[in-house]
Structure formats: C-alpha cells, structure tokens
Amino acid sequence: MNLFYAGLILYCLIVSFLPWWGMGMAAFVFGVFQPGDKKRDLQLAFSAAIAHAALAFYKDGRNLGLISKRMSGLFGLPQPELIFLVMAVLAFVTVWLGLRAGKIPEAIRKSPPDRTEH
Amino acid sequence: MCFLGWGVGSLPALGPLLAVSGGIWDHQRVELSDQKLPGLRQPVTVIWDQNRVPHFFAEEESDLYRAQGFVMASQRLFQMDVLTRVTAGRLSELFGEKTVARDRFFIKFGMRESARRTLARYQSDERSRSAMKAFVEGVNAFITSRNYWGPEYKILGVKPELFDELRIIHMAKQLTFNLAGRSYDTYLSKIKQDIGVEPVLDLFPLFDPADLGDYIVSSDSKNQVHVESAGDFPFVTRLQNVPYFPLPGAGQGSNNWAVSAKKSANGFSIFANDTHLSLTLPNIWFESQLVIPEFNVYGASLVAIPGLINGFNPFIAWGPTNGTTDVFDFYEMEFESASSNRYRNGEEWLEAEVQSEVLKIRGGREETLEVVWTKKGPLLHRENELALAGAWIGHQPDQELRAVRGLYQAKSIDECLESFKSWAVPIQNFICADAKDVAIQHTGFIPKRSRGQGRFIMDGRSDEIPFPASAERPKVVRPESGFVLSANQKVVGPGHPLYLGWDFEPPFRGMRIRELLMKKEKHSPESFIEIQNDIFNTVAKLTLPLMLAALDPDSLNEQQREIIDELRSWDYQDRALDRAPAVFWAWYGRLKAAIFGDEYQLPAREFFPRDPRVIALLRNISQDPNHRDSVWVDDKLTPQKESVKEMVARAFQEGWSRLEEKQGKDPKQWSFKDWIQTRLQHIAFFPGFGSEVLPMDGGYQGLRGNKGRHGAVYKIVVQLGEWPEAWIQIPGGSTGDPFDPDYERHVGDWVEGRMRKAFYFKNIEEGKEQAAKVVVFSP
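The listed protein sequences derive, respectively, from chains A and B.
In terms of my numbering, the first sequence opens at residue 913 and continues consecutively.
In terms of my numbering, the second sequence opens at residue 23 and continues consecutively.
Hints should not be assumed to be uniformly reliable.
[Unchecked claim] Straight-line alpha carbon distances no greater than 27 Å define the calculated DSS-like cross-link-like pairs of lysine-lysine that follow:
#, chain 1, residue 1, chain 2, residue 2
1, A, 971, B, 795
2, A, 971, B, 458
3, B, 544, B, 614
4, B, 684, A, 981
5, A, 971, B, 176
[Claimed, not checked] With beta-carbon atoms standing in for the labels, derived distance ranges:
#, chain 1, residue 1, chain 2, residue 2, range
6, B, 175, A, 1022, 43 to 51 Å
7, B, 169, A, 988, 27 to 35 Å
8, A, 1005, B, 552, 37 to 45 Å
9, A, 1022, B, 53, 51 to 59 Å
10, B, 51, A, 928, 44 to 52 Å
[To be verified] A partial selection of chain B residues facing chain A, derived with a Cβ cut-off under 10 Å:
#, residue
11, 36
12, 44
13, 47
14, 48
15, 49
16, 51
17, 619
18, 622
19, 709
20, 761
21, 765
Honestly, the hints are just simulated from the structure, not real lab data.
Fair warning: this is a prediction, and the values are worked out from it, not measured in the lab.
Each residue gets a CB set at the ideal place from its N, CA and C atoms; glycine is no exception.
Can you make the complete structure from the sequences, with help from the hints?
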C-alpha cells in the first residue's frame, strides 16, 4: 500500500515538472534502476492511473467541467466522466510499459552467452 | 489509430493533448486586463456590459480598429483563422486531406488572385486601408502576446500564423461566395440534356404563379416582359462530364422589414432584421458598440472584418437580406487544341492567363495547381479542347468597407442609400430606416442581362464580356403603405424590365411578413418580435389539404390514421415538440421526390422544382386529373401510369419509413425537433464542440428561418426615436472558447425566442456606470 501512495506522490511530481513524455521515460528509468516484479509494477501503474485521472478531474473542476464535456464529445464518448477513465488507462498503460521496458536491459545482461559453435 | 506523439488522420496526438501538465487540462481562458497595445496613439477603453458585449471608446478611428482587432482575436481567433482560409484554399493546411477537394475548387476558381485584386482596390481608399492595417496589427498583437491560443489549436497541434490584410478580404470573399455563389446553370444544362428545353422552362419557371408571387418592389404583373421560349436557348453544350462543384445551395435566407413613423405606435420608425446563416458556435457575428468623436454605432461585425456591417447609429438603422440575384454564369470555352491555352474570343484567339498556386496539405504534401483565366472567368473544368469557365460577380467588388463606413455617420434614409453607391457584392436588399421614413434597395452590382442569358451553360466563343452593369437599383423609398420588407424573394415582378434570374427563395416568408404587417394598423417592437418568432407553415397551409384529399385512408394502418386525424386538425404551427410538422415535412419531401425523382438523373443531390411550382402542380392536378402537369406525376420507371393519389400514398409510406428510421418505430415518440435536428455546430465541426439538439420551434419556410443547420443567427429590432432602443439576440457568446461557460451564452434565450435589450451607451460615462468590466488599452 505504501508503494501505491509513494507512486501517487512521485507521479504528481513527475507530471508537474516533465513534459508529456516524462511519465513513460521516468517509468522506464525507474524500471532500469529499480527492477521489480509484476505485482509492484502493477501497483505503480495503478497509482499513476489514479493520479493522472485525479489531476485531470481537479483541473477540469477548475474549468466547471467543460473540458471533460467537450473532450468526451471529441472522442465520441457517451459520458463526459469516461474521459477520466481514458486518462487513467493512458497513464496505466504508459507507466506499465515503461516499467516493464525498464527490465529489458537487465534481462539482456543476465541472458546466458551464446555457446553455439560454428 | 494514434497514441502518443503523433496524430493520425483527423485524430489528435493523445500524448501532448491529454497531458495533465501542459496539455488540454491546463487550458486558460483569456482574461483581458489593462495593458499596453503597441501602435495605439491614445488610450482606448473597452467596456463589457451585463450581456458580455464589448463597447469600444476611442479618440481616433485607427485606434478603435486596432483595439477591435485585438479584442476580437482574443475571443475568436480560431474562428477567424478557419473562415479566412476557406476561399484562400488553405483549410487543408489545418485539416488535411478531407478539405483538399474544396481547397482545390477555390484555388482553381481564382479566389487567391481575386482577393489580391480586391485588396488593391480596397487599399486605394485611404480610410479603408488604414482601418484594415490597424485591425490586422491588433490581431497580431494578440497572437504574439501569448503562447497558448485556445483548445482547437492544441488539438490540431498547430500555432496560428500572423494575419495580414488578405485575411480580411478572404473573410469577405467567403461570405460573398456563401451568399452569391449559388448557381444551377450546370444542373439545368444536364436536365436539359435529359428532357429538353421546354420541360425545364415548365418545371423551373422565371416567375411563380400570380397568387404565389411576392415581390420586394411591386410592378405591373399583367404586362409580362419576360416570357421565355425554347427558341431563346439555341446553344447546346458539348461538355459531357461537368462535375458538381461545392456551390452553396438554396434555402439560405434572411428577413428584414421596417415600418415608418405613420405605422408605428410611438410615432417613430421601427426596423427588424434577422440574418439566416449557418448555425455555428461561435457565431459568425460579433456584437459590439464602436464610438469615436465622429460616430457612435452599435450592431454586429463579421469576424475578421473591421468595423460593423449591420446595426444602427443615433439616427438610422440598416440591415440586409441576401439579394439572391443570379450573378454566377457558366460558359463553354473553345480552345485551339486539348493542350493549348489559346481560346476563341469572337473572331480572334486569345492566350489565357495562367497562374501557378500551391495547395499545401497537412503532413507536408503539396500540389501545384494551374489557374487559367479567360475573359469570361477562370476555368473550372476541361474536356480536351473544350472547357467550362465560371463568370462570377464576386470577383469584381467595389468599396464595400467604404460603403459601410458611410453608414456610421448617415442621418437619414437618403444618406443611407447614398452610402451604398460603392457597394457591389454581395448583392443585398438593404433596408434603411430613420426616425420618420423607411426605404429598401436591391443594392450592388446588378448585372444587365438579355433574355436567354444565365439559365444554362452558355456559348463562350463570343467576345461579349459577362455582366455589364445595370445602373438601376430597384428600390422602394417612403412607401405609401408605410412599410418595406424582404425575405430573399424575387425582387421585381414579371412586369419589370430588369431580368435578375429565376432562382430566388420561395415567396412564403415575404407573404407572411406582409400579411402580419398589414394585420395591425400600428406596430411596436413587441409586435415585431412576435413576427420574428412566427412559426406558421405556409407551405403546409397550401399543400396539406390537397395531400390529405388525395390520400385514401383505407390504405393506412391504425397508427397512420391517427396521425392523419392529427394533421387534419393541425393549426400549421411548426412546434418543436409536436409530431404533426415532422410528418408533414417528411411526407411533403417524399412527395416531391416521388413526382420528380424519375424525370432526370442528378446524382449529386435532389434538385427538384421550387415549392411554388410544386404547389401549382398539386392544385392543377387536384382540379383536373388530366391537366398537362399529370405528365410529371406519372412514374416513368414503371410501365403503368400513376395517378396523383398513388404518388401521394407512396410518398406518405416513404415519409413514414423515413420517420421510423430516424425516430424509431413508435410514432408517439416522434417530434419535429428530432426530425429537423436544430443544432449549432462547431465552426470546424469538432464533435462535442457544438450544441446539443435544440428544441427550436419553426420550420423550413417559416419566419424563424429554422432549417436545422441553418437559421436566424442574428436578430435585431430597433425602435428609432430621440435615442434608439434595440433588442437583439445572437446565439452564442462573445467568446469563441469552447471551454468557457459563455461559449453557449444566449442559446437558450434564442431557442425560446427571447430578445435582450441592447446597452447602447450615449457616452463613456454612461457605459462605465453600467459596466460589468472595464479594460483600458494604453499606447
């Protein structure tokens, strides 16, 4: 659970200071230096999803809900609230992929050398 | 599908767009405050009233337009950007492939060159030149003062480019084309190829039957000057594959009328105007008051154009309806060979002027297009050594900005009419009203035509120049009746020597306004507003009894009989929540298709005779089943001969099916609202950025002008007097920001037909007393 809250805080900091591609990049870097299991990555991705949707919801509230109303129409969503689900899914997928991709260098490093004799 | 950094097709790039930091969620509304505005000579005060309408107070005229440009851009930049790209053929730079065909048409039609020539003409007038320059600099001051310009730019992932004066011209061209770009010459030529000349003249007559005629300028209708016969149209085009061009269709209209002092309850003239244009958010009009020491005017500007177009000053009110006179002709041109640019012009061969223009398309693709100008106009289509040239008066404007500027200081209807001397395009029916008198004038470059011209594609081999100007401007000044009116109907009757074309809007709105004006001895602003909100369906009154009489009730099921009973007792009011108008319009629409759909092949769209001709046909057949009009009733695609009863029944069943498709199987749930689907669409058709479907009363030929996607986007009533009072309604707020609560301001009132009182300030002090917000721009 602590990881979840840490993920929330970390995520909010990252998206506040980095450009839009920052969350994917940060997840990748985190995955490289702090490789974890699937369960941990899922927790972090889930916290990112919640944070992403919550921040959007907060900013939409400051705009009287008009951004979600219009943007949901733009994407053909039947309800304005569904745009926050889209936001959550976007963050979840991005962070999840970033974290999992971050494990690839380690996996390559650990893979056994090719012993095929020519 | 797009995902992060790249948009695909029309879809935006989700990554930058939906980022919670720096993305769409960080949207900030424009909040203007006291600031410096480069280029100003003296401070300009802008007062926003309780209706959120800006009032500009300046000491110098150029300062006024500079501030107007800045404020208009702050509210409507994206709209200005889009609309000024239409005739420039530059929409594809923003929207990609889907607008390429339209861009290609406007470029090939010479609109870019036309705009350049028009700009040079406008700039020859010092006052117009200075106004445009200051306005553009104001717009650009806004663009350069920010790095976020609204959600549409964010969604498209583009930045606005700086404006120039050509943008103003292209806005005027766009509106001119919309209003005066209508022509059915190529359609009629195709129909003529299918069925011959005489049937075309029968189905599309020059004038409506006498009892269905309503003319802006009355004339002796007994002595018909213009009687056409097949011999007037000997030329047969050899062009075989003329495509359909994206020309504006019929159905565009506006109303204006005015009563003089003698027909006004308080002894001062009253003026009303509602302009019917595409229903968009934001609205094409930008309401404001402009004040300098020389003038004080209130009304509506067109976005991207400095000054006001429609409105009033302390002495007069003015406003237009579209003139609808035919100003677009087509000529078949003959070239020396398929590859030559030398064309026949009388006895000689002339070299066409060829220009290259580049069409840029979002994503980096470019097309180089050749624009070929002949003396008849630019080429729109070519078939080997033959070609089609379009002659359009919109390419020949005069000094419209100067004309409008003259109105700001006009004090009488005579001065008002005098101002319009330099107005050429688009031809409009302008009403002028001062405190005592009223006048209406068919204003603009009226083409002088002879019989047989402007009906079909014409022979372009002669050396005649299209559209010699007529000096005549049909008008009514200080009428005995005490009122003037127009509703895009025919300007003059068959007894008038001037030939203006055949295709005007049906006379029903004009007839209804005339009836309502004559019904009362004296009028007031309240009675004018009632007229504007009238939803009487004249077409139904004239046709429904004939349709009902021809319908056999035994051929109907129980649900259908129930609705027929409802139609029998219907009061012809097009109410949004009633189903009777929905059933009528569905039935009537299919009846036209059933009668005329088999006569000729026009794949592009249904192009049928106009309503007065349809009504005459129904009357003729109902009185005499063997009338010669019965030839049209028969369905030529079947071996048997159909009667009008069969066609009426077929149309009813087809209309019923349409309603089921559109509104479901339960007729109790049907409504006119869901049939006509009135909504204000976003200027670039972004889904979700327009309004919902609105429960708007009024139908296609009614005074409210509700046509679903088209309607009365600007309504005004002015009571002239010692100090004018005005009531106005414009659906949509001053702001064009879709994320601003004011974006859909006034839409609800507009739907309900409520007008709001305009704040017409005598001076800046009065304005400040009633201000909601004051902003001072300083040098």
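Fill in: Hints not upheld, ascending by number
Numbers 2, 3, 8, 10, 17, 18 - these are the hints that the structure violates, sorted from lowest upward.
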